[in-house]
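Peer 1: Heads up: the sequence shown begins at 46 in our numbering, then just goes up one per residue.
Derived from the structure by calculation, the hints contain no laboratory data.
Any given hint could be a false lead.
Simulated pairs of lysine-lysine, DSSO-like, Cα-Cα distance not exceeding 27 angstroms [to be verified]:
1. 415 x 394
2. 398 x 415
3. 234 x 282
4. 468 x 415
5. 455 x 468
6. 257 x 229
7. 398 x 455
8. 402 x 468
9. 229 x 455
10. 235 x 282
11. 398 x 201
12. 567 x 542
13. 257 x 282
14. 162 x 148
15. 542 x 257
16. 402 x 415
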Amino acid sequence: MSKIASYLQEHLSGEVMTGVDARRYFATDNSMLNLPPAAVIYPRNEHDVRKAARFTWQLAERGRVVPLTARGSGTDQSGASLTDGLAIVFPAHQNRILELDSKSGTVTVEPGINFGKLQQTLQTHGRWLPVAPASAEYSSVGGAVANNSAGMYSLKYGDMGAYVRGLRVVLANGEVINTERLTKRELNKKLGLATFEGEIYRQIDTLLEENKELIAGLERATTRNSAGYNLLDIRRKDGSFDLSPLFIGSQGTLGIITEVVLNTESHEPGSTLFMAGFDSPQAAQNAIHELRAQSTMPAAIEFVDKHLLTQVQTANPNVLGGIVQPPFPAILLLVEYDNADTHLKRSLKHAQKILEKYSLHVVSETETAKQDQFWKLRHASTWLLTQNDGPRRALPLFGSAIVPPENWSKLLQGVYDIFARAKLPVGAWGHAGDGQVSVAPLLDLSQVGDRQIAFRMLDEYVKLVIALGGSTSGDGRLHAPYLERVYGTEAYNVLRKVKQIFDPYGTLNPGVKIGVSMDDVKPLLRSTFNLEHLYDHLPRS
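Generate coordinates for the entire structure from the input sequences, incorporating the hints supplied.
Peer 2: This is how it looks when you write it as structure tokens:
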């Protein structure tokens, strides 16, 4: 690899590093896995990315596959940004806003730009991206697109893909393409190209035509789904065609994103936040169902459970700030309506009635400072993850799996059962309105027994999610072995074909999403887990 690194350093304007410290640092991300890259590339421009891709393509043509993996800020919990090949790290240089069009509300950025920085800039122009993930302050926009990230406001506004207007992508052979929604006439021009891009358009067009029923079966009754590749939104009924949905959520396995054009929303400061306690998950489920059935969707419906509140109370009661007192309700919901709601008064009146109908108590707040106190309860989960003094750590094992919203309480109860069988303490939080539950089992990865427990719990969890009509959503390395279970063998083979079309030599982030077994994953498990990539930003409370 030293010869490859030397060659690249001679031909790239960015830096190429093979030092032990750099390789050790990029061997981990926010997942439980460890995989040191052979070299780290800090590209200064798209030309560097093209050269690296072309070089690995040429090596692969001669029989040597050197993986090429794009990386943002490493906040992904599935290990998608890890590689034993070349890690292309964007935030160092490719981190700019290239254009902000206040008239159209679009913004064009490089992939390494910090999400929080972009959000601040947009808000000074009266715009914002409501789909910012929880990690926005320390994550990159390119990573958010590659993972099709979502956040607490995704209930109303959708996932990252809903705001992508177009992409600029370096293909596996170094060609660059621009993706956007094409008319039939524009598509026909693409189909006639005598290039790798043209070949991709022709093969994807044929694949969609020959597998209509299988592709229709990929749809889930969930609010979002990033498992596999999004074949559902490429071709619309009007005949328009866009490859962007394939790259969004593909985790760098089909191409490397070098520019993103995003739509934004007008920013209307201010909101009304309800906090309601419930004596059971089912009571909370009933309220969620009726809130979602209203003509106006809440901006957010988040939850924490009594177990998490109890753990926070034990560790540091000051975090709770006296907002809630023991005995804690089984479920605490935070329901927010933003001022972009055109029928705000009516929505608030209906929400108040619904919450009063099912909850033990309900309060509402419009002052930002007091709302922040309420949100501290939800963000206490992040703070709690850092409070492990012994060998056991709160592990990001389950990822962002999601079920139909009407099955949220069943998912939560199933999670409780999994933890009970493992004899582990449980504390849950997450996007209740979207049918999502977050938990982090306390385990010691240096112990063989605990490692076995972790994989057994993960297997039980995936079975539960699938039984409830859900999806593992993000795949990466950790959850990729379950993708065939989620969709079935026939549909999975269609996804494999997509990968083969874009990446015939397997140079783009191999070991992620497609063709991964648990035997590939288990050797990558860390012996100890920490949050070293996040300590500049934690705790958040």
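Peer 1: So, for every hint listed, does it hold in this structure?
Peer 2: Hint check results:
1. 415 x 394: Holds, because 20 angstroms separates the two Cα atoms, which is no more than 27 angstroms.
2. 398 x 415: Measuring from Cα to Cα gives roughly 22 angstroms; hence the hint holds.
3. 234 x 282: Holds, at roughly 19 angstroms.
4. 468 x 415: violated (37 angstroms)
5. 455 x 468: Roughly 20 angstroms separates the two Cα atoms, so the pair holds.
6. 257 x 229: Given pair residue 257, residue 229 holds - Cα atoms ~19 angstroms apart, limit 27 angstroms.
7. 398 x 455: Judged against 27 angstroms, a Cα distance of about 25 angstroms means the pair holds.
8. 402 x 468: violated (35 angstroms)
9. 229 x 455: violated (44 angstroms)
10. 235 x 282: It holds: about 19 angstroms lies between the C-alpha atoms, which stays within 27 angstroms.
11. 398 x 201: Since the Cα atoms of residue 398 and residue 201 sit roughly 20 angstroms apart, the hinted pair holds (cutoff 27 angstroms).
12. 567 x 542: holds (26 angstroms)
13. 257 x 282: Satisfied, since the Cα-Cα distance of roughly 13 angstroms is no more than 27 angstroms.
14. 162 x 148: Roughly 21 angstroms separates the two Cα atoms, so the pair holds.
15. 542 x 257: holds (14 angstroms)
16. 402 x 415: holds (24 angstroms)
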